[in-house]
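Asker: With these hints in hand, go ahead and build the complete structure from the sequences.
Just so you know, the protein sequences line up as chains A and B, in that order. Each residue of the first sequence is one higher than the one before, counting from 1 in the numbering used here. Each residue of the second sequence is one higher than the one before, counting from 1 in the numbering used here.
The hints are simulated quantities; they were obtained by calculation from the structure and are not laboratory data. A couple of the hints might just be wrong.
With a straight-line cut-off of 20 angstroms between C-alpha atoms, the simulated EDC-like cross-links for lysine to aspartate or glutamate are [unchecked claim]: (1) B:272 to B:34; (2) A:272 to B:287; (3) A:319 to B:268; (4) A:319 to B:271; (5) B:272 to A:271; (6) B:278 to A:271; (7) B:272 to A:287; (8) B:278 to A:313; (9) A:111 to A:35; (10) B:319 to A:271; (11) A:272 to B:309; (12) B:319 to A:268; (13) A:272 to B:316; (14) A:283 to B:287; (15) B:283 to A:287; (16) B:272 to A:309; (17) A:272 to B:313; (18) A:278 to B:313; (19) A:283 to A:323.
Now for the letters of each chain:
Protein chains: 2
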Amino acid sequence: MSGRIGNLMSVRDDIKVFDVTLRDGGLCNDFRFDDEFVKALYRANLESGVDYMEFGYKSSKKLFKQSDFGKWKFCDEEDIRAAIGNKDPMMKISVMADVGRCDFKTDFLKKEDSVIDMVRVACYIHQIPAAVEMIEHLHGLGYETTCNIMAVSQANTNQIESALQMIGASSVDVIYLVDSFGSFYPESVMELAQLYMDTAHANGKRAGFHAHNNQNLAFANTIETLSYGVSYLDCSAMGMGRGAGNCATELLLGFLRNPRYSLYGVLEFIEKYMLPLKASGIKWGYDLQYLFTGQLNRHPREAINFTAEGRSDYCEFYKSLLENY
Amino acid sequence: MSGRIGNLMSVRDDIKVFDVTLRDGGLCNDFRFDDEFVKALYRANLESGVDYMEFGYKSSKKLFKQSDFGKWKFCDEEDIRAAIGNKDPMMKISVMADVGRCDFKTDFLKKEDSVIDMVRVACYIHQIPAAVEMIEHLHGLGYETTCNIMAVSQANTNQIESALQMIGASSVDVIYLVDSFGSFYPESVMELAQLYMDTAHANGKRAGFHAHNNQNLAFANTIETLSYGVSYLDCSAMGMGRGAGNCATELLLGFLRNPRYSLYGVLEFIEKYMLPLKASGIKWGYDLQYLFTGQLNRHPREAINFTAEGRSDYCEFYKSLLENY
Chain A
1 MSGRIGNLMS
11 VRDDIKVFDV
21 TLRDGGLCND
31 FRFDDEFVKA
41 LYRANLESGV
51 DYMEFGYKSS
61 KKLFKQSDFG
71 KWKFCDEEDI
81 RAAIGNKDPM
91 MKISVMADVG
101 RCDFKTDFLK
111 KEDSVIDMVR
121 VACYIHQIPA
131 AVEMIEHLHG
141 LGYETTCNIM
151 AVSQANTNQI
161 ESALQMIGAS
171 SVDVIYLVDS
181 FGSFYPESVM
191 ELAQLYMDTA
201 HANGKRAGFH
211 AHNNQNLAFA
221 NTIETLSYGV
231 SYLDCSAMGM
241 GRGAGNCATE
251 LLLGFLRNPR
261 YSLYGVLEFI
271 EKYMLPLKAS
281 GIKWGYDLQY
291 LFTGQLNRHP
301 REAINFTAEG
311 RSDYCEFYKS
321 LLENY
Chain B
1 MSGRIGNLMS
11 VRDDIKVFDV
21 TLRDGGLCND
31 FRFDDEFVKA
41 LYRANLESGV
51 DYMEFGYKSS
61 KKLFKQSDFG
71 KWKFCDEEDI
81 RAAIGNKDPM
91 MKISVMADVG
101 RCDFKTDFLK
111 KEDSVIDMVR
121 VACYIHQIPA
131 AVEMIEHLHG
141 LGYETTCNIM
151 AVSQANTNQI
161 ESALQMIGAS
171 SVDVIYLVDS
181 FGSFYPESVM
191 ELAQLYMDTA
201 HANGKRAGFH
211 AHNNQNLAFA
221 NTIETLSYGV
231 SYLDCSAMGM
241 GRGAGNCATE
251 LLLGFLRNPR
261 YSLYGVLEFI
271 EKYMLPLKAS
281 GIKWGYDLQY
291 LFTGQLNRHP
301 REAINFTAEG
311 RSDYCEFYKS
321 LLENY
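Answerer: Have a look at this one:
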């Protein structure tokens with residue numbers, strides 16, 4: 001097992017700050033961000049030294065009606081190009097594609113013709129073979145790839161080890177540990193991070209971490225996995241993301257000691273774009289209903305409904321969760 | 001150095017859940033909690049298995065005008081008795097007294113005549129000799145005592161070691177690590193927790209931890225120190241406390257595996273009393289201005305003013321903090 005790397009003063013050149021505001025945040029507003037917002041976020045991320053920016057999902061237009069969502073559910077090449085203007089090579093562009101919910105064989109250009117640098121393949125643990133098929137196809141087109149195994153807090157260690165072995169043998173560049181339900185504590189995430197790092201080391205790959213803030217631990221878990229060698233770190237402006245949200249970019253940037261990161265760009269963006277977005281009624285962030293589902297290691301869907309209904313009867317809600325265990 | 005004790009499934013009988021809602025929360029509303037609120041909190045804590053409840057400060061009536069504050073700034077015996085009715089021996093009662101801001105020689109009864117069980121002595125590191133004098137006096141009266149050394153994030157390790165040596169040689173029962181500015185990360189707080197535990201072990205005492213949530217790490221830091229043997233854990237309903245607030249009781253109770261703790265009492269209290277308090281305009285909790293002062297290891301006073309003025313120009317504020325470094 002690998003131990004901690006460096007200390008609180010170290011600079012780690014392998015670290016990649018990965019903005020998922022549009023992608024995970026898009027789950028809060030059906031991906032309806034306008035071009036001004038997207039362009040401003042792109043500029044802000046560049047100014048703050050963010051390494052990757054994820055624009056949304058590459059979803060199947062056969063499975064999802066385009067009129068039901070904003071365009072970042074589909075991330076067409078021309079939409080990305082129109083929103084950002086000239087692409088700056090200092091920051092890479094990513095999209096996410098879910099196993100079983102995208103048309104990966106037809107919807108991706110060759111990398112050389114695309115504005116996209118990386119495709120992140122999200123799957124559940126039983127879908128690993130399908131994820132590997134996607135990864136190999138996308139790798140063949142020239143993209144950087146990741147595999148984001150979701151909901152591992154409900155899988156057992158044997159399953160996770162098998163999954164890591166299959167992913168480790170693939171062409172994938174980065175293996176992502178994902179705390180889908182915000183149920184991990186620093187101690188539990190540290191053990192998994194070591195497991196993922198062992199696979200990454202053995203196969204010349206990197207590891208990443210995607211947190212959720214159900215128990216106010218998104219940032220804590222992120223810097224815990226970081227200290228054990230995980231290098232791709234997901235975050236979003238003001239922690240915007242489904243339910244309790246993600247690790248906040250402003251927390252992460254302020255923690256990193258590398259002078260190439262700076263808070264200002266993201267702060268200006270938050271002031272000008274995120275505060276009005278929040279004021280408009282789009283909801284995300286820590287609250288007790290998410291704490292309950294996190295503690296119980298459950299999908300946050302019931303907590304999201306509780307929030308949408310404007311409820312605050314925490315006790316009743318908690319009791320109902322325990323009854324439906 | 002002591003290592004981790006137990007794991008995420010363990011029950012630790014030395015753990016004490018310590019509610020500071022009235023005391024640290026009182027800093028948000030000048031201690032103006034009415035008796036109904038206090039009584040309901042007392043009952044809720046009992047129902048949830050909380051071990052200690054702190055009612056406020058025992059402040060000098062010579063230094064502070066009683067008309068400027070609610071009664072929990074002074075914690076008169078008869079006020080505590082009137083608010084709680086019959087005292088339940090299952091939960092102990094605490095008050096805090098600041099070195100140099102209380103009249104400890106005249107304002108405390110003998111323990112046998114008092115409703116109070118514990119006095120927590122708060123001091124800065126240069127006040128340790130004065131704290132020890134207070135501790136010995138209060139110990140002589142029969143109280144349990146703690147020493148809460150504030151602002152240690154701005155002290156160097158030599159100073160902290162000297163302070164711990166002096167406190168270790170005193171009659172104090174519990175030595176508290178306090179993250180006054182919310183500037184500690186789990187890694188830094190782990191090192192200090194081990195230092196405090198070494199002193200505690202060597203002198204037959206316990207250690208405690210008081211967090212602040214400036215960087216959304218109050219709960220994370222609390223369970224990190226806990227895993228290294230710290231046993232007195234401060235928390236408050238909905239994290240109510242000065243500035244970014246404290247570790248939330250509901251997060252901590254949900255984490256602990258001992259069946260004597262239960263969420264319901266505190267949840268009902270939050271629904272019935274804390275939500276209306278928050279809706280009335282009393283302000284506390286994580287926001288970017290507190291993140292900045294936490295990251296910069298500074299007193300939160302400027303962030304508290306920023307909040308009180310209803311400002312949201314984070315960039316300007318951050319720049320002004322850096323200019324006044």
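Asker: Taking the hints in turn, state whether each one holds.
Answerer: Status of each hint after checking the structure:
Note on residue 272 of chain B and residue 34 of chain B: the hinted pairing holds, with a Cα-Cα distance of about 14 angstroms set against a maximum of 20 angstroms. Between residue 272 of chain A and residue 287 of chain B, the direct Cα distance comes to roughly 16 angstroms. Compliance with the 20 angstroms bound is thereby established for this hinted pair. Restraint check for residue 319 of chain A and residue 268 of chain B: satisfied, since their Cα atoms lie roughly 12 angstroms apart, inside the 20 angstroms limit. The straight-line distance between the Cα atoms of residue 319 of chain A and residue 271 of chain B is roughly 14 angstroms, inside the 20 angstroms bound, and the hint therefore holds.
Between the alpha carbons of residue 272 of chain B and residue 271 of chain A the distance comes to roughly 33 angstroms, so the proposed pair goes past 20 angstroms and is violated. With a CA separation close to 23 angstroms, the supplied pair residue 278 of chain B and residue 271 of chain A exceeds the 20 angstroms bound. A hinted pair counts as satisfied when its Cα atoms are at most 20 angstroms apart, and residue 272 of chain B with residue 287 of chain A qualifies at roughly 16 angstroms. Restraint check for residue 278 of chain B and residue 313 of chain A: satisfied, since their Cα atoms lie roughly 15 angstroms apart, inside the 20 angstroms limit.
About 24 angstroms separates the Cα atoms of residue 111 of chain A and residue 35 of chain A, which puts this hinted pair outside 20 angstroms; it is violated. Between residue 319 of chain B and residue 271 of chain A, the direct Cα distance comes to roughly 14 angstroms. Compliance with the 20 angstroms bound is thereby established for this hinted pair. For the hint linking residue 272 of chain A to residue 309 of chain B, the alpha-carbon distance of about 19 angstroms falls within 20 angstroms, and the restraint holds. Proximity of residue 319 of chain B to residue 268 of chain A is assessed by CA-CA distance (about 12 angstroms); at most 20 angstroms being required, the pair is judged to hold.
Distance hint between residue 272 of chain A and residue 316 of chain B is fulfilled; the C-alpha atoms sit about 13 angstroms from each other, no more than 20 angstroms. A hinted pair counts as satisfied when its Cα atoms are at most 20 angstroms apart, and residue 283 of chain A with residue 287 of chain B qualifies at roughly 16 angstroms. A distance of roughly 16 angstroms separates the Cα atoms of residue 283 of chain B and residue 287 of chain A; the hinted pair therefore holds under the 20 angstroms criterion. Between residue 272 of chain B and residue 309 of chain A, the direct Cα distance comes to roughly 19 angstroms. Compliance with the 20 angstroms bound is thereby established for this hinted pair.
The hinted pair formed by residue 272 of chain A and residue 313 of chain B meets the criterion: a straight-line CA distance of about 9 angstroms does not exceed 20 angstroms. Between residue 278 of chain A and residue 313 of chain B the alpha-carbon distance is near 15 angstroms, which keeps this suggested pair within the 20 angstroms criterion. Restraint check: the Cα-Cα separation between residue 283 of chain A and residue 323 of chain A comes to about 27 angstroms, which exceeds 20 angstroms; the hinted pair is violated.
When each numbered hint is compared with the structure, violations occur for hints 5, 6, 9 and 19.
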